[in-house]
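Could you slot chain B onto chain A? The hints should help.
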Amino acid sequence: EDKVVQSPLSLVVHEGDTVTLNCSYEVTNFRSLLWYKQEKKAPTFLFMLTSSGIEKKSGRLSSILDKKELFSILNITATQTGDSAVYLCATKAGTSYGKLTFGQGTILTVHP
Amino acid sequence: NAGVTQTPKFRVLKTGQSMTLLCAQDMNHEYMYWYRQDPGMGLRLIHYSVGEGTTAKGEVPDGYNVSRLKKQNFLLGLESAAPSQTSVYFCASKAGGATGELFFGEGSRLTVL
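Line order of the protein sequences matches chains A and B.
Residues 1 to 112 in my numbering are what the first sequence spells out, letter by letter.
Residues 1 to 113 in my numbering are what the second sequence spells out, letter by letter.
Here chain B stands alone, though its shape is the one from the complex:
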């Protein structure tokens, strides 16, 4: 009963390096989201997807790219990491339709030096 799984859970990068965070869900959910959480700012939406092969920008998309090649996976990429991207990243998923809650992964803590 895994739910939403994020990998890796911790990562330290140097400025300019690239990396990919993987989110996998086993609930057959249509919608998936990437949020970042910074102190005093709650969670802010980076990108989201409403189905396989679709992606859309959220509130803070700059510096990130995403892909949803398979329904169960949602990848978040940083092409050239910056210290401002030091944060905790949460993936979430939801069944399609208007109702229902989001299910969150346990978070990935990224530090960019």
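If we strip away everything but chain A, and leave its shape as in the complex, we get:
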């Protein structure tokens, strides 16, 4: 059974701090790892990582995948209150018809 574990489960920081969210996985026939941000409603797509060691960046957010050690990290620099959300990590296997296996999520709270 595929498994995705995120840590920490919750995190409280102040504006301007840098945070690192972790995601480890055990997936048969791994194809890709995805990060989503979920505020009040629908998860919204952040990154998809398929190759090890290649960093994806979007503004203050970046993510990297280590396929040897089976984990990924999501970094957020200079955090803002608008970064407060649940961050979800998910994996996709090669024969899964696009099905995602999700971790529990990390609740990030950024105080002014």
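A couple of the hints might just be wrong.
Claimed, not checked - Restraint ranges, calculated between C-beta atoms of paired labels, are given here:
1) D38/B with G16/A: 32 to 42 Å
2) A95/B with S84/A: 29 to 39 Å
3) Q72/B with T20/A: 34 to 44 Å
4) S58/A with A2/B: 33 to 43 Å
5) G82/A with F10/B: 20 to 30 Å
6) S52/A with T54/B: 16 to 26 Å
7) R44/B with R31/A: 15 to 25 Å
8) V12/A with M41/B: 14 to 24 Å
Unchecked claim - Chain A residues, not near chain B, derived (Cβ > 10 Å throughout):
9) P8
10) L9
11) T77
12) S84
13) T101
14) T109
What the hints assert, rightly or not - To give an idea of the chain B side of the interface with chain A (calculated C-beta under 8 Å), a few residues:
15) Y31
16) V50
17) G53
18) G58
19) L69
20) F90
21) E106
22) R109
None of these hints come from the bench; they were simulated from the model.
We put the CB at the ideal spot given by N, CA and C, even for glycine.
Only chain B this time, still in chain A's reference frame:
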């Protein structure tokens, strides 16, 4: 530019009642999914469909049925609701093939008393 639309957004049921959640997508996506989200457990796949007329079980299918009679619609049914089915339900869709991301609806909050 609707994307993925779920109805209803909120519903309260009594134990034993039945209901249907409707998911509609306007992106001509082949694949559609129903997930449930519970505190501390992330999203878990209930059922999915890889094309019109097809359905398959996900991780937690018991107590639910689905139908995909039209490509754009994916229905999730609860025949006899139980308190354990109190959850937030998300529909998602994706274009066919190995690549691409899932697009999610805004969720339907169901409470079973």
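The hints, checked one at a time:
no., hint, in the structure
1, D38/B with G16/A: 32 to 42 Å, "33 Å, holds"
2, A95/B with S84/A: 29 to 39 Å, "31 Å, holds"
3, Q72/B with T20/A: 34 to 44 Å, "40 Å, holds"
4, S58/A with A2/B: 33 to 43 Å, "25 Å, violated"
5, G82/A with F10/B: 20 to 30 Å, "26 Å, holds"
6, S52/A with T54/B: 16 to 26 Å, "34 Å, violated"
7, R44/B with R31/A: 15 to 25 Å, "20 Å, holds"
8, V12/A with M41/B: 14 to 24 Å, "21 Å, holds"
9, P8, "13 Å, holds"
10, L9, "7 Å, violated"
11, T77, "24 Å, holds"
12, S84, "17 Å, holds"
13, T101, "8 Å, violated"
14, T109, "15 Å, holds"
15, Y31, "5 Å, holds"
16, V50, "5 Å, holds"
17, G53, "15 Å, violated"
18, G58, "7 Å, holds"
19, L69, "19 Å, violated"
20, F90, "7 Å, holds"
21, E106, "4 Å, holds"
22, R109, "10 Å, violated"
Checked against the numbered hints above, the structure breaks hints 4, 6, 10, 13, 17, 19, 22 and satisfies the rest.
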